[in-house]
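Colleague: Chain by chain, the residues run as shown.
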Amino acid sequence: MIQKRFQPPKLVNEEDSYLEYFYDKAGSVPGTLSLETDAEAPPIVLIDYNESKATCVQLETALTCAYCLGKESVSWVDVQGLGNQETWQQLAQVFNLHPVVLEDVVNVPQRPKVEVYEEHILIIAQMLMPKEKAAGFYCEQVSFILGEHYLLTVQEEPEYDCFEPVRDRIRTNKGNVRKHKVDYLAYALLDAIIDGFFPVLESYGEKIAALEDEVVTKPNRQTLEKIYQAKRELLALRRAIWPQRNAINVLIRDGGNLISNEVKIYLRSCYDHSVQILDIVETYREITSSLMDVYLSSISNKMNEIMKFLTVISSIFIPLTFIAGVYGMNFNTDKSPLNMPELNWYWGYPACLGVMFAIASALVYTFWRRGWFENFYNIKND
Amino acid sequence: MIQKRFQPPKLVNEEDSYLEYFYDKAGSVPGTLSLETDAEAPPIVLIDYNESKATCVQLETALTCAYCLGKESVSWVDVQGLGNQETWQQLAQVFNLHPVVLEDVVNVPQRPKVEVYEEHILIIAQMLMPKEKAAGFYCEQVSFILGEHYLLTVQEEPEYDCFEPVRDRIRTNKGNVRKHKVDYLAYALLDAIIDGFFPVLESYGEKIAALEDEVVTKPNRQTLEKIYQAKRELLALRRAIWPQRNAINVLIRDGGNLISNEVKIYLRSCYDHSVQILDIVETYREITSSLMDVYLSSISNKMNEIMKFLTVISSIFIPLTFIAGVYGMNFNTDKSPLNMPELNWYWGYPACLGVMFAIASALVYTFWRRGWFENFYNIKND
Amino acid sequence: MIQKRFQPPKLVNEEDSYLEYFYDKAGSVPGTLSLETDAEAPPIVLIDYNESKATCVQLETALTCAYCLGKESVSWVDVQGLGNQETWQQLAQVFNLHPVVLEDVVNVPQRPKVEVYEEHILIIAQMLMPKEKAAGFYCEQVSFILGEHYLLTVQEEPEYDCFEPVRDRIRTNKGNVRKHKVDYLAYALLDAIIDGFFPVLESYGEKIAALEDEVVTKPNRQTLEKIYQAKRELLALRRAIWPQRNAINVLIRDGGNLISNEVKIYLRSCYDHSVQILDIVETYREITSSLMDVYLSSISNKMNEIMKFLTVISSIFIPLTFIAGVYGMNFNTDKSPLNMPELNWYWGYPACLGVMFAIASALVYTFWRRGWFENFYNIKND
Amino acid sequence: MIQKRFQPPKLVNEEDSYLEYFYDKAGSVPGTLSLETDAEAPPIVLIDYNESKATCVQLETALTCAYCLGKESVSWVDVQGLGNQETWQQLAQVFNLHPVVLEDVVNVPQRPKVEVYEEHILIIAQMLMPKEKAAGFYCEQVSFILGEHYLLTVQEEPEYDCFEPVRDRIRTNKGNVRKHKVDYLAYALLDAIIDGFFPVLESYGEKIAALEDEVVTKPNRQTLEKIYQAKRELLALRRAIWPQRNAINVLIRDGGNLISNEVKIYLRSCYDHSVQILDIVETYREITSSLMDVYLSSISNKMNEIMKFLTVISSIFIPLTFIAGVYGMNFNTDKSPLNMPELNWYWGYPACLGVMFAIASALVYTFWRRGWFENFYNIKND
Amino acid sequence: MIQKRFQPPKLVNEEDSYLEYFYDKAGSVPGTLSLETDAEAPPIVLIDYNESKATCVQLETALTCAYCLGKESVSWVDVQGLGNQETWQQLAQVFNLHPVVLEDVVNVPQRPKVEVYEEHILIIAQMLMPKEKAAGFYCEQVSFILGEHYLLTVQEEPEYDCFEPVRDRIRTNKGNVRKHKVDYLAYALLDAIIDGFFPVLESYGEKIAALEDEVVTKPNRQTLEKIYQAKRELLALRRAIWPQRNAINVLIRDGGNLISNEVKIYLRSCYDHSVQILDIVETYREITSSLMDVYLSSISNKMNEIMKFLTVISSIFIPLTFIAGVYGMNFNTDKSPLNMPELNWYWGYPACLGVMFAIASALVYTFWRRGWFENFYNIKND
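Here the protein sequences line up with chains A, B, C, D and E, keeping their order.
Once you know that position 237 of the first sequence is 237 in my numbering, the rest is easy, because the numbers rise by one and skip nothing.
Once you know that position 368 of the second sequence is 368 in my numbering, the rest is easy, because the numbers rise by one and skip nothing.
Once you know that position 189 of the third sequence is 189 in my numbering, the rest is easy, because the numbers rise by one and skip nothing.
Once you know that position 216 of the fourth sequence is 216 in my numbering, the rest is easy, because the numbers rise by one and skip nothing.
Once you know that position 295 of the fifth sequence is 295 in my numbering, the rest is easy, because the numbers rise by one and skip nothing.
In case anyone wonders, no lab produced these hints; they're calculated from the structure.
Where hints are given, some of them may not hold.
Any copy, or any two copies together, can satisfy a pair, since identical chains are not distinguished.
Derived pair list, reagent style DMTMM-like, types lysine to aspartate or glutamate, alpha-carbon separation capped at 25 Å [as the list claims (entries may be wrong)]: (1) K71 with E342; (2) K181 with E115; (3) K53 with E36; (4) K264 with E119; (5) K113 with E282; (6) K264 with E72; (7) K25 with E159; (8) K71 with E148; (9) K25 with D168; (10) K25 with E157; (11) K25 with E202.
Excised from the complex, chain A in its bound form (with noise of 0.2 Å):
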């Protein structure tokens, strides 16, 4: 295939795949998607309710979700994974997909967003997997094409969704999904993507806090490198949720008769979700940014407490290392009265000592007045 996928830089870790966009080859077919030839098609399940039943089925080819097209009940066809091309022909040809809706569904990762089409309504989205351990995170295309009884969701990666406590819903009739039309369903499954930012979102908040912490109290070398991995990291954050939020605005918006008035209401709750979010990642974003002057003023404060230790320890022994240079001096005593008389008095070598302690005592005193000792000892107990 001609298509290759834009790999961003990466500082830490080798699996940060969240700020990669595809591109095509400069002129390449439009429509053109980019799949591995030997790929096997993918797992389609078809999830089909109304009110008063729901099946669940795994599809054998993506040509059987024609039969459910016509009927008055939701179906919910989830593609897991994206497959081959024959899939795509077939999808394409079952729900008449445009080759650019095909290629926005299948050459991921694309922007999300919201495109109105005649017959149905294509929604991409990001959703978000926090990262076992470590802060951080994986993102994951999901995209929805919702028509007027029926959604198909085209999932990334197969092994990870948040969508099975929604499937639970509907198994049990809990909530009120099954009471409602696709449209329902379609929000439910954005509300849940949308919900999915929080705990990635709670472990970076987490991360600064011991960031504050660190940077406060012994800041390193290897503080810098995590805060500005954090900072980088929410940059891709809000790349993420930034145009989720305007997508489910236009849909709001611009949802046509695909969306009813009673859906709405919830779609502005989902709104108000990613607005919360976005709200989040931009003071998360100014707190690293503020970290990282503090870390800079931390920096400079360290280097002000070697620079005073260096200080006092100099300023007091280079006076004292003078006047026993002067008393080391060999001028010849016999020669001249006038020649250090101060070696053969008496009391001479105990005054030198006396005065050497003397000017050193005033030197610490000095010191002491300005509180240069104070910041040694909380320097200990770091």
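Start from chain A and add chains B, C, D and E according to the hints.
Modeller: Below, chains B, C, D and E alone, put in the same frame as chain A:
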């Protein structure tokens, strides 16, 4: 329950809770309320008044509210606490509340907003309570549901609110609150909430003034932490007031016929106050940013003074020590008249001391000319 | 009274009052006026004119204004001070003022704004007074209530205003103020207020020029404080002019039929001036921000010079002192011909001094080649 | 000719030409073309196709184009180079071009834009060519004049373009370019240009990743220059893509009936790509800004390590040297029993060495406790 | 007169006048002109042309213009200087100018703008003149009053304008200026003014390139001042071009029937140029900001090098000096065999020197391993 609160990072004191947002577990049923199952029913206080009389009664159950809905008099139902599931089933039934509204009211905290429904308007606001001793504040969500003749308010915490003066004005018929409809009551409460921001701001004003003083006279490690914390809390404050301002604007613009033109005039003045608050918050944020820069400069200045001190001491004594070292050498004066003849001179030692004194004086003069000593006195005076 | 003023932080001089905003105690009755109970009634001056004649009279009580409302001539009622409760009851009665208007006019300071009511327009403006000696300014609220044939102005302080030239033009019939209606008078006064910003800006221009000079030639601790203070005051200045600009724009756009098209042309030029002021304030703010950076760089530069000095002195004398130390060792030359034979050489001492001189010269040459000494001369010339 | 190009500053390599803009000499006749008088006529290639067949021919003179204007088939006239005055007289005549259009097409570079004229649409775009070895790019203007059945493209440089895949698709009837009208051709070429930005971005991604590595592990003088240069080039990149994005938006919104709805769907996807590019460029710019801060912190960190080293060495040896100096004094032990009796003690020398060792050990222990030595190992490992 | 000019701060050369704005004394009569009472009448040049012929004549008095108002031919009245009160009385009378217009034209400098009046359009523009030797520019206001058949232009200074090429094109009938109406003339002059910004920008481009070179190779105190000054002048430049761009946009949008559609096409290209200029100015401003950061880093880098040098010298010689000091002690070797027996060893002195050499070598090797010496060579090469 499946929900939990989103916890942001905390620098200093553990009780700061104003950065958190409520979030659902991804995929949970919309309208799921995050309540403690064993919570008691909250106190529900009904204040019912018209121009001629006012009654205040604590209701036994939420269902009792129903009787006041048909009346022309103004009914203010004040739910003081989030209560339990049962309370909300009853309230939802009496006031015909949408699940999404319930969720916004109960799953605190939410972002301040105004949403206009057919029968009522939902207003979410954040009420600030200044901390007693330190700068800082607690934050509590207050929700308003404003109908034609009733106002339902829900407070997150029962212990504190800033509505007492309004209750007093109703009780004593002071001002003209009893001459107006329920929309005026909603305004009066909102206004009380907005005015409650000012004392908090004032405490930050004092804190910043203290920091300005500290950063200039004796900047230390704690100063930096304090500036950073103030910046962070002002960020949180802005996040509380910014959407509140927009919410009031929405209320004025889209309030429909539940808000009379007369009350809109009052709301405009309330809007003005929220703009003023935002103004002050932004100004304070810019000031704290500048303070960070001033702090950094102060640290550099201090370093300069330390280095000057070290340089003065070193520059004066190192050359002198060298001279003393020279005359401490053991070249044999007996072997050659060229070997350190100074040692045997009559004026050798005084001359040597004289040279040392001359060098020291020249250096001191040089430093004095450059104005280095002035700064020493400045430091001492700190 | 229950109200108090909001006090922002103050760095330098206690009289800076331009950052404060008035705020109500939370929950107080709207329309509560913050007046000293024992204040005297303020002087109220009525200037009544048409094209042919103009009279100026100080009114005994506010009620006296009533007689001029029915007349066709222009009546300018100038209330010079905030006065007491009684004055405002009378004025509210005569001019039919809404409690919210009263609050805005009396509870100073408010944010500049224009509010259009049915019978009149409320204009809140901030009048600047440059300080006599230092850069800086006082700020006073002036409120306009513009009716069909009357203009009510309320000044916060009676001592000073910038309206004297306008009064003079009315008195002497200079310019065409007496040929126009009352809307032109309102323009003329607003224009006087806006033009009053320029001298204040000019004083900041001079201050910044002085700071630029200082930061480059001899930056010190006070320089930083001055830059910081200028930045802070410009922030306050922007807060005064920004809403004023918007207010004038609202007046042009929404003034209704109380503002004639002829006067709108004049107001446009007044708007242009406020934009110019904002322009200059923004430019000054950017310049002070840059100055802060320049200051930091200057400090670093100074540190470099200090360190260079220390390094030069240390680097030259430390090696020499080492050599002197070597020949000060007491190895016994009698025990072994290998023990410091130099001490007994004929040319030992001169050779030793020669080596020292050579080393010192080489080091000095190295430093000179790197251009370190040039900077020393630069410092001296400061 | 009276025109010349505007040359921006250049840091590193002389061929960077992407910051320049063309400008006229003030007062020159509009429509004056900046062409070399002795330039040859550029190659003009006509590709004419409909669904059934496609021909490609190099035209002798521009006038020859005229014959294809009346035909229904799609005619793509590709002018490969800016050519000379005569060419443009002919083209202006054939395609009825306004002098302002001519100026925009010929006087390169212009800012990307779309201008809709009566008979045709002018599209100015910037085509990027990645440099072979280094990060960086060349930039070439491509102008489109899109009529009802024809597309005139003008390339600044004949050597390179990214249109070859499109030509190939026309030739081999791959994709559906030959099934569409001329507006689809314009889209296909624009899309090729937009997709050509991605490889350039990718090279910057790699460059930034390398810089991140460098700034953390071994920051040096060149690192700073590289960061600065990357920042500067990204600034240029943003200037190229920002107006291009707007231009495509104008095309979608105001394209009139020259752009069919079908093609607008494709252009929307093209617009999405340009937004993605802008996104990435902005992210990279923020990252480089942060890198600058990280660099500064790294430098400070390094300084800290250097100072620690100096302080450790000085603090240990200066006191010891002082003690050695004391016992190097020449007080006459014969004259007084108080004069340095230690010198004559049996254990004098070992005791002295022991004291020195104890002091050194205490100091080393102190430094070790503060963790200073850990950092030394870190540096070594760099 | 009562007016004076507003003077902004000036860093370097006293003639910088591009930051000033004219301001009235507060309360002065609108329409008061700030003219020197004893100024002579300015030269007024009338160029009258139609397609067939063009005449150019210097008018005796402004009143003479009146005769050309009724004619169909294009009359360009060029007032070269601000002149005196009498001139403006005559011009106001002939062209029916509003006092506010007069004020904008005469009380220079004003902010660039376009104001549409009933009979004419007022255009205020700033014309730039590059300084001969240094980067920098003079700035002169040119006002246009565009009527149906006439164009009145007023220049602040008579000495210089950039209109000569336009006059030439009218005289020699080059281009098509004489084929168009007066609106085209206004465009041609505006275009000349806009194009006059480019040479100024170019000089800044060169200045910035020189600064980039300087900041990297040998940053010094003057570099900082130069960067700061460039930043400040670019700020002024932006303030000149930003409103000019908006003014041209207003002209295109609201020009009414005084601007033909044909000329609007030309004005669009003029607008594009002003956007390009703004683009470049913004880019230059961001570059100078980055340069400031680079400068600061360079200073820190230099400091690092200085400290490394000091550390290397000190670290090597301080331990050696200590050893020399030890063997310079006077412990009595006669009293005890433990007292400095080394002094009497046969290989004592060589062994001592050997130890010193070994220590020095080890330290030099350590520093070399850390790569400290490489940087020394770099500095020398500066």
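Colleague: Now tell me, hint by hint, if it's right for this structure.
Modeller: Here's how the hints hold up against the structure:
no. : hint           : in the structure
1   : K71 with E342  : neither (117 Å within a copy, 107 Å between copies)
2   : K181 with E115 : both (20 Å within a copy, 24 Å between copies)
3   : K53 with E36   : neither (38 Å within a copy, 33 Å between copies)
4   : K264 with E119 : both (19 Å within a copy, 17 Å between copies)
5   : K113 with E282 : both (21 Å within a copy, 19 Å between copies)
6   : K264 with E72  : within (21 Å within a copy, 33 Å between copies)
7   : K25 with E159  : between (29 Å within a copy, 20 Å between copies)
8   : K71 with E148  : within (10 Å within a copy, 43 Å between copies)
9   : K25 with D168  : between (42 Å within a copy, 14 Å between copies)
10  : K25 with E157  : both (24 Å within a copy, 21 Å between copies)
11  : K25 with E202  : between (38 Å within a copy, 13 Å between copies)
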